[in-house]
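**Student:** Spelled out from the first residue to the last, the chains are:
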Amino acid sequence: MTTTTPIDTDLQQQDDHESDGHGHGEHPDLRMFGLATFLVADGMTFAGFFAAYLTYRAVNPLPPGAIYELELVLPVINTAILIASSFTFHRASKELMRGAMGACRGWLLLTAVMGLSFLGGQMVEYFELPFGLTDNLYASTFYALTGFHGLHVTLGALMILIVWFQAREPGRFTPSDHFGLAAAELYWHFVDVIWVVLFGLLYLL
Amino acid sequence: MTIASPPSPSPQPLRLQPTGWLRYFSFSLDHKVIGLQYIVCGFLFYFVGGALAGVIRTELATPISDFVSRDTYNQVLTLHGTVMIFLWIVPVVNGGFGNYLIPFYVGARDMAFPRLNAVAFWMIPPSGLLLISSYFIGGAAQSGWTAYPPLSLTTPAMGQILWIVSVLLLGGSSIFGGINFIATILKFRQPGLKLMMLPMYCWAMLGTSILVVLATPVLAGTLILLSLDIVAHTGFFNPAAGGNAVVYQHLFWFYSHPAVYIMVLPAFGLVSEILPVHARKPLFGYVTMVYSIMAIVILGLVVWAHHMFTSGTPPWMRLFFTIATAFIAVPTGIKFFNWIATLWQGRLALNSAMLFSCAFILQFVFGGITGVALAQVPFDVHVHDTYFVVAHFHYIVYGGTVFVIFASIYHWFPKFSGRMLNEDLGRLHLALTFIGFNLCFAPQHWLGLNGMPRRVAEYDPQFSLINQISSVGALLMAISTLPFLINVVMSLLQGPAAGPNPWRALTPEWLTSSPPPVENWIGAAPLVEEPYGYGSSEGRIDVNQARGQDLWRQQP
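Chains A and B are the protein sequences, given in the same order.
So the first sequence is numbered by this note's numbering: it starts at 1 and just counts up by one.
So the second sequence is numbered by this note's numbering: it starts at 1 and just counts up by one.
The following block holds chain A by itself, in its conformation from the complex (with noise of 0.2 Å):
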């Protein structure tokens, strides 16, 4: 048996209590791993969504007069600015990391109006649509898919702009701490991949 006790109270123990990394206070910084765990749960609510959307591709015949086709020219412009919007975001971390804040902040309010017009996009495709939620059951299907993804770029908008105010105080992120800022990101490339799998089965299949 190989069991080390807690018995000795010597000041080296102490020391070693100190700085054993489980100490008062120092902890790992697990937050961004806590962040990608719950990325892989919310990416398995989509993938729940996509199993289910091409099930019913395979197995329920199109109802009379409905189409598969949708009008492609927004959503390619809609999908173009979402992707080219990660990168936007990329490279305000970019300047942070460069201490530069001032384009760091400029990137990130980029990247929200970016994220904003592509929920404006659409908003437009949604009124100039030719069936409504209850029509049939891909219309359902489009709305409730296109509607749950929407909510994320929602949220990530908003993100962005929380993170684009917190970023005018000097110090609030520096390139060795930016928790906020490096979790609105990741979260931000998170939801522009869902899009592409999602463009990709609603649009182009």
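This list has only true hints and no planted wrong ones.
To be clear about the criterion: a stretch of chain B counts as covered by chain A if any three or more of its residues have a C-beta under 8 Å from a C-beta of chain A, and this derived list gives those stretches:
no., stretch
1, 109-118
2, 176-183
3, 220-227
4, 233-242
Hints are computed from structural coordinates only; laboratory data are not their basis.
Computed from a predicted structure; not experimentally measured.
Beta carbons: idealized from backbone N, C-alpha and C, even for Gly.
Given the structure of chain A, go ahead and fit chain B onto it with the hints provided.
**Tutor:** For chain B alone, coordinates are given in the frame of chain A:
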């Protein structure tokens, strides 16, 4: 192994938390407080769910619906299933024991995300109250804990929507807990503590949490679609509106079959902690145990459609899911034989914790055998939706998990409270529960084989006698909680002091005072490299030479 309790060399950190009994009603960040909050809250809901089961068995004592109306019966069975699964077993074996034990096992002073932990717990009481209150607000859901459409679309909407909101909250709580356990076990271990040194419960919780994170969100998404069907009149799962009810079943069971493992894997882990301590032997086959847990996690994600053999499932799919399900018996069997081998030639202390664990092994293997039988399509088609299924899963979740919860209470109560439980009352509790449980559920196999459908308030009068026997068993189970409650209350008030380590156990939660200090250990956390290093050579005899009599004398 005694622990000196020297004056704390450093001042305790200032925590703006209430002390004394008030902290159990507070937003405490202490993992031990949160663990006990989960356990006590779970027991309260267990008594609610048990009372509901009492209503069910009283109703079924006669073939006609005389005790409650048919609608009420449907509500009661829906509430019973939902309360027992989502408010009792899942929170207690995961959140309860997980929060209490995992930080000790990884040598940490708290979970990785203490605030998230408190949030996850405090989501449970409101959603439980919401669920139960739905009974008084226009009637609870009537479609069973599975909420299959179109049934869930045609029964009163109010109860169903409250059910969905409640289950979504509980699912969210479960996901937050899962994220916390994964981060704590993988990333929060004390330096020098390798994964393969961890007590088995850590591996069980890691596997469970992976299932929670991968499967629970699918249920959440499905329930969102179901609520759209109810509220916005979309047609995802409504065949009348061009939808597909079978898609719901697939999505539902993608979560709810892993949910069986979410309930039973932590129980496997807990029993693997209890047996070595009271058998004074190392856990047999640690490495195979780890791999079989992970095999169960992977296989558990690809067997869901064995719940759907009568849902028009095509033959190729039936074949795949039958084979995959049969494969699960392999890692489960490995664990079963490992427990038997752990007990073999041990110096068994036949106390309540050990006896409940042994009852678990016996009953779980019986439920496992009927499970393998149910995975065979020809048999399943015959007994689908009959009392055979009811008997099978109660052998898994009650005969399996709930017996382990009781074993764990008897094992860890001295650590929780600093006082010993009364062994005589414990053995009485075991005897009543064991007889009551088997009297209640074993006859239901016969009922199912003879065609009595489940979830119906009325049945053919030829089944009366067996149903009455089953109801007597349920009554015995209800009575069996009395010695347990008396034991807990009396021991809390005047039980003998337990001391730090009454079982002479080697896992880290015992290497500190009972109850432990806020920071778990005074001074440095112990690095336990061999949590099961019990001496196995003392008094060893040759099995091949010995007669049964000699083996019996091995006991202390």
